[in-house]
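A.B. asks: Residues per chain, in single letters:
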Amino acid sequence: MNLEAQLKELGLVLPPPPKPAGAYTPVVFSGAFAFLSGQIARKADGSLWTGRAGADLDLAAARQAAEAAALNSLSVVHHLVGADRVVRLVRVAGFVQTAPDFYDIPKVMDAASELFQKVFGDRGVHARTSVGVHSLPANVAVEIEITLQLSA
Amino acid sequence: MNLEAQLKELGLVLPPPPKPAGAYTPVVFSGAFAFLSGQIARKADGSLWTGRAGADLDLAAARQAAEAAALNSLSVVHHLVGADRVVRLVRVAGFVQTAPDFYDIPKVMDAASELFQKVFGDRGVHARTSVGVHSLPANVAVEIEITLQLSA
Amino acid sequence: MNLEAQLKELGLVLPPPPKPAGAYTPVVFSGAFAFLSGQIARKADGSLWTGRAGADLDLAAARQAAEAAALNSLSVVHHLVGADRVVRLVRVAGFVQTAPDFYDIPKVMDAASELFQKVFGDRGVHARTSVGVHSLPANVAVEIEITLQLSA
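Residue numbers (the numbering used here), protein chains in the order written: chain W, 115 to 266; chain F, 115 to 266; chain Z, 115 to 266.
Bear in mind the hints are in silico, worked out from the structure with no lab data behind them. Each hint should be verified, as a subset may be incorrect.
Which copy? The list can't say, so a pair holds if one copy fits it or any two copies do.
Straight-line alpha carbon distances no greater than 25 angstroms define the calculated PhoX-like cross-link-like pairs of lysine-lysine that follow [what the hints assert, rightly or not]: (1) K133 <-> K221; (2) K232 <-> K122; (3) K157 <-> K221; (4) K157 <-> K133; (5) K157 <-> K122.
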């Protein structure tokens, strides 16, 4: 499977491989797992989806931010893991930068989850935890952390 | 072991198996682990423990919310994993929706941890991370994510 | 390798083994992994780095808090795991108690990441997720959760 071609068919662009924002690495392989670093809502052109869901961003925009964070996770998979090695998307943790009274966090994160399932099919059905946080790196609206099970 | 009977002896009711709030699944089995999705503070009757610890909910109420989130995690274990397969409750992540100056997060989460240990005994002694978050799905007071090690 | 001696060379003091703040344990061993509980920014003398990054603590102070939380994680490794058994620092999750407009979360967490890499070398290069949270236990500025891969 070629993630880049697959995303193109969905009308989406795989962003370039994200650079870590600090003293860490985008992915660690350990046992059967690939632990990815948190990926933020950066667009393919390098600009960011910034602001708070429920204040600066409405639900539709926050969903686009979640999709962008998912695309950056997929870029790590494409460039540093290899999509063919993915046995299962195990876990997704979603962090949404929220207004104090914004509770539609699952609807935001669904944009990421739906993309993962379009791309990986049954292998993309994952466990998920989503919370609304006070602030995120570079004022982005969404950050996503995924864990994958790989073939040996 | 029958979780439902065990909880009944503790005066507690196992809630029905929780439905995911979006495009994900309640549990993924991977290697020796079961990764559960975040479970929110839903009561057995379907209503929610909503609000902020330290503002809308005092410590006692927030602890009940944590217990409810733990009960929903146990419902996933009962219905979709099998309590007898649990070798160890490995990890608990607790997210408490807090007032800005509410710091008694560990006391809230202890209500969940204590329940897990009542139910699983030594197998229920877990590593834990607890934080206070800005907002949670559906304005619930507590969300809990657990990871279990299972027998082969 | 002796973590205590290694830290001394860096001008740092290994704090005493942290006591859990509630009904959980500092570390669970499961499969090839050691899952550590969240460790807060407690100094070697027992006092805490409290307050919000961007309000009560500037970047330099928040970085010291992150380093303190990392030192407490290393204390768990020293006293309860054994540094020689560490094959790889797999994952670091960083929670920074932030002012609403403080976004330099990666710069704060780098103080922890850099320490881990000084101590463990290549084995310390990890995946990382960092978020800004609303409140933390005991009003600390930073909490860190790490996962390690161990030798058999």
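A.B. asks: As a check of your reading, is K157 near K221 (CA-CA no more than 25 angstroms) within one copy, between copies, both or neither?
C.D. replies: Intra 20 angstroms, inter 22 angstroms, cutoff 25 angstroms: intra and inter.
A.B. asks: Evaluate K157 and K133 at a C-alpha cut-off of 25 angstroms and name the case that applies: within, between, both or neither.
C.D. replies: within (13 angstroms within a copy, 32 angstroms between copies)
A.B. asks: Taking 25 angstroms as the upper bound on the Cα-Cα distance, should K232 and K122 be classified as within, between, both, or neither?
C.D. replies: within (12 angstroms within a copy, 42 angstroms between copies)
A.B. asks: When Cα atoms must be at most 25 angstroms apart, do K157 and K122 count as within-copy, between-copy, both, or neither?
C.D. replies: within (15 angstroms within a copy, 44 angstroms between copies)
A.B. asks: Is it within a copy, between copies, both, or neither that the alpha carbon of K133 lies no farther than 25 angstroms from that of K221?
C.D. replies: between (28 angstroms within a copy, 14 angstroms between copies)
Taken one by one, the earlier hints all hold for this structure without exception.
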